[in-house]
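Engineer: Sequence:
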Amino acid sequence: MARPVPDTVRPGQESVWDYPRPPRVERVRKRAQIDFGGVRIADTDDVVRVLETSHPPVYYLPIAAFGDALTLGEGASFCEFKGGARYFDVHGGGGAVAPRAAWNYPSPMPGYEVLADRVAVYAGPMDRVILGGETVEPQPGGFYGGWVTSDLAGPFKGVPGSMGW
211 MARPVPDTVR PGQESVWDYP RPPRVERVRK RAQIDFGGVR IADTDDVVRV LETSHPPVYY
271 LPIAAFGDAL TLGEGASFCE FKGGARYFDV HGGGGAVAPR AAWNYPSPMP GYEVLADRVA
331 VYAGPMDRVI LGGETVEPQP GGFYGGWVTS DLAGPFKGVP GSMGW
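Per this note's numbering, the sequence shown starts with residue 211, numbered consecutively.
I should point out that these hints are in silico values taken from the structure, not numbers from a laboratory. Warning: the hint list may mix true and false statements.
[What the hints assert, rightly or not] Okay, the calculated beta carbon distance ranges per label pair:
#, residue 1, residue 2, range
1, Gly-352, Gly-277, 20 to 30 Å
2, Glu-290, Gly-371, 20 to 30 Å
3, Gly-342, Arg-234, 26 to 36 Å
4, Pro-316, Gly-222, 15 to 25 Å
5, Ala-212, Val-249, 38 to 48 Å
6, Gly-374, Gly-303, 14 to 24 Å
7, Glu-224, Val-324, 14 to 24 Å
8, Thr-281, Gly-374, 34 to 44 Å
9, Asp-256, Asp-278, 31 to 41 Å
10, Ala-326, Glu-284, 17 to 27 Å
11, Gly-343, Arg-234, 18 to 28 Å
[As the list claims (entries may be wrong)] Here are the simulated DMTMM-like pairs of lysine to aspartate or glutamate, each with C-alpha atoms no more than 25 Å apart in a straight line:
#, residue 1, residue 2
12, Lys-292, Asp-327
13, Lys-240, Glu-224
14, Lys-240, Asp-256
15, Lys-240, Asp-278
16, Lys-240, Glu-323
17, Lys-292, Glu-323
18, Lys-240, Glu-347
19, Lys-240, Glu-284
20, Lys-240, Asp-361
21, Lys-240, Asp-228
22, Lys-240, Glu-344
23, Lys-240, Asp-255
24, Lys-292, Glu-347
25, Lys-292, Asp-256
This structure is a prediction, so every number in the text was calculated from the model and none was measured. For glycine and all other residues, C-beta sits at the position ideal for the given N, C-alpha and C.
The whole structure should be built from the sequences, with the hints applied where relevant.
Structural biologist: Below, the structure written as structure tokens:
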């Protein structure tokens, strides 16, 4: 499938089509907050993001930032760049549980070692995910875990017809 035409980049935005492949990991100076089940389950400014062509960034927070909101979930997957992933069930207030709504790479491949003690969370099942004061949107399609913010230009992998991007 042909690469789509990137959206026009407005002032203050970056295009996901300028992101590299293989992906790059970088620290960001933004606070991330996650609410689930009516309570805040994570709040930290210790944030890294992974940038990969056509994807909104995936943000990784320290596992310790979640307190007891994570339990090991079922299943595993493999990324050709980052290595083997394990999944977590996310627990919030009122007994809320989102199965397999978070993941990490406990023994990441070379170049991604900073992810070992960090976890990423799908925004969709959460009540609200806030990054730098802005409520994020989940990456389209439900398969990938990027967080869409107003400072990004797409189109984003995950929309209908993007399987071959």
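Engineer: Are the hints correct? Go through all of them and say.
Structural biologist: How the hints compare with the structure:
For the pair Gly-352 and Gly-277, the supplied restraint of 20 to 30 Å holds, since their beta-carbon distance comes to about 26 Å. Roughly 23 Å separates the CB atoms of Glu-290 and Gly-371, a value that falls within the hinted 20 to 30 Å. Between Gly-342 and Arg-234, the C-beta spacing of about 19 Å breaks the proposed range 26 to 36 Å. For the pair Pro-316 and Gly-222, the supplied restraint of 15 to 25 Å is violated, since their beta-carbon distance comes to about 36 Å.
In this structure the hint that Ala-212 and Val-249 lie 38 to 48 Å apart at CB holds, the actual value being about 45 Å. The beta-carbon spacing between Gly-374 and Gly-303, approximately 41 Å, falls outside the hinted interval of 14 to 24 Å. Between Glu-224 and Val-324 the beta carbon distance is about 21 Å. The supplied range of 14 to 24 Å therefore holds. A beta carbon spacing of about 36 Å between Thr-281 and Gly-374 agrees with the range 34 to 44 Å that was offered as a hint.
As the Cβ distance of Asp-256 to Asp-278 is approximately 18 Å, the hint placing it in 31 to 41 Å is violated. Taking 17 to 27 Å as the suggested C-beta distance range, the pair Ala-326 and Glu-284 conforms, at roughly 21 Å. Separation of Gly-343 from Arg-234 is about 24 Å and conforms to the stated range, judged on CB atoms against 18 to 28 Å. For the hint pairing Lys-292 with Asp-327, the CA-to-CA distance comes to about 13 Å; that is within 25 Å, so the pair holds.
Pair hint Lys-240 plus Glu-224 holds up; C-alpha atoms about 16 Å apart against a cutoff of 25 Å. Pair hint Lys-240 plus Asp-256 holds up; C-alpha atoms about 8 Å apart against a cutoff of 25 Å. A distance of roughly 23 Å separates the Cα atoms of Lys-240 and Asp-278; the hinted pair therefore holds under the 25 Å criterion. A hinted pair counts as satisfied when its Cα atoms are at most 25 Å apart, and Lys-240 with Glu-323 qualifies at roughly 21 Å.
Distance check on the hinted pair: Lys-292 and Glu-323 sit about 9 Å apart at the alpha-carbon level, within 25 Å; holds. At most 25 Å may separate the alpha-carbon atoms for a hinted pair to count; Lys-240 and Glu-347 meet this at roughly 16 Å. With a CA separation close to 31 Å, the supplied pair Lys-240 and Glu-284 exceeds the 25 Å bound. Distance restraint check for Lys-240 and Asp-361: the Cα-Cα separation of roughly 13 Å lies within the 25 Å cut-off, and the hinted pair is therefore satisfied.
For the proposed pair Lys-240 and Asp-228, the alpha carbon gap of about 21 Å is at most 25 Å, so the pair holds. At roughly 10 Å between alpha-carbon atoms, Lys-240 and Glu-344 fall within 25 Å of each other, so this suggested pair holds. Using a Cα cut-off of 25 Å, the hinted pair Lys-240 and Asp-255 holds, with the two alpha carbons roughly 6 Å apart. Our distance criterion of 25 Å between C-alpha atoms is met by Lys-292 and Glu-347, whose separation comes to about 24 Å.
Of the supplied pair hints, the one linking Lys-292 and Asp-256 holds, its CA atoms being roughly 20 Å apart against a limit of 25 Å.
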